[in-house]
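Student: Sequence:
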Amino acid sequence: MLHSRLAIHSSRHRSPTQIAAGLLAVVALALGALVVPDVASPVYADGDRSSGVSSRTGIQYWGNFNCVGQRPIFSWIEPAAEAEIQIAHIEPGSDESAVSRIAQPFDPRFGPAPGPQVTGFAGQNRTYPDGTVFILRDRRPGQATYQEVLRFGPSDCQDYDGGGVRGAYRSIDPTRALDTRPSERTNHTGARPAAGQSVVITPAMQPDRPDGVIAVAVTVTMAGAAGRGFAQVYPTGAVTPGATANVNVSGPGGAVGNFAVSTVGDDGSISVFTSVATHLIVDVVGYFVDTSSPSASDAGLFESRAPIRMLDTRPSERVNFSGSKPGARSTTTLDLRALDSGLPDDATAAVVNVSALDANAQGFIQAAAGGTLVAGESAVVNLGPGQASGGLTIVPVSPEGTIDLYTSAGANLIVDLSGWFVPGTGTSGAYVPLQPERVTDTRGAAATTNVYWNGYFRGNRYNSAIPIHAVVERASAVLINATVISPDSRGFVQITDSSPDLSTSNVNFSAPGSVTANAGVIPVDRSNHLFLGWPFGTPLREVRATIDISGYFTT
Numbered sequence: 003m004l005h006s007r008l009a010i011h012s013s014r015h016r017s018p019t020q021i022a023a024g025l026l027a028v029v030a031l032a033l034g035a036l037v038v039p040d041v042a043s044p045v046y047a048d049g050d051r052s053s054g055v056s057s058r059t060g061i062q063y064w065g066n067f068n069c070v071g072q073r074p075i076f077s078w079i080e081p082a083a084e085a086e087i088q089i090a091h092i093e094p095g096s097d098e099s100a101v102s103r104i105a106q107p108f109d110p111r112f113g114p115a116p117g118p119q120v121t122g123f124a125g126q127n128r129t130y131p132d133g134t135v136f137i138l139r140d141r142r143p144g145q146a147t148y149q150e151v152l153r154f155g156p157s158d159c160q161d162y163d164g165g166g167v168r169g170a171y172r173s174i175d176p177t178r179a180l181d182t183r184p185s186e187r188t189n190h191t192g193a194r195p196a197a198g199q200s201v202v203i204t205p206a207m208q209p210d211r212p213d214g215v216i217a218v219a220v221t222v223t224m225a226g227a228a229g230r231g232f233a234q235v236y237p238t239g240a241v242t243p244g245a246t247a248n249v250n251v252s253g254p255g256g257a258v259g260n261f262a263v264s265t266v267g268d269d270g271s272i273s274v275f276t277s278v279a280t281h282l283i284v285d286v287v288g289y290f291v292d293t294s295s296p297s298a299s300d301a302g303l304f305e306s307r308a309p310i311r312m313l314d315t316r317p318s319e320r321v322n323f324s325g326s327k328p329g330a331r332s333t334t335t336l337d338l339r340a341l342d343s344g345l346p347d348d349a350t351a352a353v354v355n356v357s358a359l360d361a362n363a364q365g366f367i368q369a370a371a372g373g374t375l376v377a378g379e380s381a382v383v384n385l386g387p388g389q390a391s392g393g394l395t396i397v398p399v400s401p402e403g404t405i406d407l408y409t410s411a412g413a414n415l416i417v418d419l420s421g422w423f424v425p426g427t428g429t430s431g432a433y434v435p436l437q438p439e440r441v442t443d444t445r446g447a448a449a450t451t452n453v454y455w456n457g458y459f460r461g462n463r464y465n466s467a468i469p470i471h472a473v474v475e476r477a478s479a480v481l482i483n484a485t486v487i488s489p490d491s492r493g494f495v496q497i498t499d500s501s502p503d504l505s506t507s508n509v510n511f512s513a514p515g516s517v518t519a520n521a522g523v524i525p526v527d528r529s530n531h532l533f534l535g536w537p538f539g540t541p542l543r544e545v546r547a548t549i550d551i552s553g554y555f556t557t
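With the sequence shown counted from 1, adding 2 to any position gets you this note's numbering.
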């Protein structure tokens with residue numbers, strides 16, 4: 003059984019013979035069976051999209067096969083709310099048409115003209131055999147059924163076993179490895195990196211680097227950018243940069259950072275590509291070493307837990323805190339064993355998402371093991387006046403289970419805990435690096451690859467289910483990068499493996515029209531989907547987002 007990829011055939015591009023065969027198929031469809039014309043199909047790889055506009059119905063459609071989700075994805079914009087859109091499929095050797103999903107028009111309260119946007123998928127949550135045919139059809143009252151035929155052939159999905167590579171985590175005190183700013187230069191000479199330039203971070207520049215490194219965990223910051231753009235961390239010499247992003251800036255100036263894990267190139271180095279002229283800052287927070295290496299003997303394996311809020315300093319939402327808002331140049335010590343979190347005594351590092359709200363000025367937040375913090379040596383989150391921002395990190399934990407949080411400017415702090423690393427030599431909790439792959443893109447026709455958008459309302463929350471079947475049976479948690487694009491208001495999104503309860507957050511954003519990214523380690527113990535949720539109508543109503551998976555931790 004093979005993964006598949008998508009080809010779309012519209013009646014606008016068929017020969018007279020093919021059109022006639024298509025009409026026969028429509029007649030057969032009305033009788034409950036479907037005969038699909040035998041037409042040649044172009045070849046589409048995962049992430050390729052075919053799109054068009056139905057000349058008869060006005061439907062704008064696009065689609066592709068999603069390797070991680072193990073299903074084809076069909077999306078369309080339907081201007082007529084009364085239309086009924088169905089998806090059917092036929093597997094080889096069968097002549098029966100099974101309606102896999104009947105998609106109702108999207109809630110008209112959501113989104114502006116040209117009309118409701120709907121996304122559907124076909125069939126079961128499984129891999130389809132080579133030769134499966136899918137049919138997207140529009141059944142409009144009082145008109146003949148219109149259909150598009152979608153064929154599948156062999157696919158080149160990546161190896162989700164990661165080629166057998168497994169990594170254990172070696173924690174270090176977060177240390178600056180690169181800073182291109184003239185007043186703070188570290189391991190850099192020359193001018194500000196230009197648009198389209200990559201900066202290499204060699205093994206010699208990587209602090210406290212052990213043997214057997216397969217990936218490096220870093221926080222990357224873009225500072226003083228010339229305009230809107232992005233930065234990407236990648237293994238030197240292994241990929242062509244520019245296809246994915248780890249950090250996004252919405253405009254000139256300021257400082258924006260994000261966490262990333264990058265595999266290393268053949269020489270052990272990583273590189274940072276920038277699409278816009280900007281200064282770059284890179285802090286190394288740890289390393290993943292091959293589990294077969296002697297360096298792994300005292301390294302950590304990951305244990306996940308459902309995210310729990312460990313700290314919230316806001317007066318109306320206080321958790322595990324008393325007193326006034328943390329002031330400028332202050333340090334807050336947080337006990338990660340509080341609130342029955344489950345953090346074990348031998349934990350060496352914790353995975354936390356640190357958020358800052360209502361900052362008084364520009365600045366940064368730094369995290370370190372309790373009692374070890376030296377202000378200014380690294381940064382997790384960058385602050386702007388009045389902004390909401392956040393960042394994932396892996397922070398060392400003191401023997402007492404504490405971490406220190408330093409803020410250079412006054413700000414309310416929020417910390418969510420989603421797991422930790424403990425010494426071990428087993429197979430569970432090892433890191434498996436993947437080529438970054440997009441699993442959802444909610445921008446509709448503006449989306450690039452692997453479009454998936456299937457949402458529903460529940461109370462004051464809006465949810466979108468994202469399939470990840472190719473990795474979920476292997477994984478206890480997945481490493482993602484989520485980007486929120488042009489929201490219509492300040493707010494946050496939560497990403498989880500069950501219906502979002504909005505008790506924690508993954509991406510916080512302040513300004514309408516901004517682009518904000520944050521990494522996340524998401525436990526996947528409860529389902530084979532990720533769920534993207536946000537508080538709908540508060541006043542946030544619309545979120546456009548992309549989610550990329552770049553690795554996972556084994557079960």
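Hints are computed from structural coordinates only; laboratory data are not their basis.
Hints should not be assumed to be uniformly reliable.
Label-pair distances were calculated between CB atoms; the ranges are [said to hold, decoys possible]: (1) 324 <-> 344: 33 to 39 Å; (2) 325 <-> 244: 42 to 48 Å; (3) 325 <-> 192: 43 to 49 Å; (4) 213 <-> 329: 41 to 47 Å; (5) 177 <-> 503: 47 to 53 Å.
Just so you know, even glycine gets a beta-carbon here, dropped at the ideal spot from N, CA and C.
Student: Take the hints in turn and mark each one as holding or not.
Tutor: Each hint, compared with the structure:
{"no.": "1", "hint": "324 <-> 344: 33 to 39 Å", "in the structure": "violated, 23 Å"}
{"no.": "2", "hint": "325 <-> 244: 42 to 48 Å", "in the structure": "holds, 46 Å"}
{"no.": "3", "hint": "325 <-> 192: 43 to 49 Å", "in the structure": "holds, 46 Å"}
{"no.": "4", "hint": "213 <-> 329: 41 to 47 Å", "in the structure": "holds, 43 Å"}
{"no.": "5", "hint": "177 <-> 503: 47 to 53 Å", "in the structure": "violated, 36 Å"}
In this structure, the earlier hints numbered 1, 5 are contradicted, and the remaining ones agree with it.
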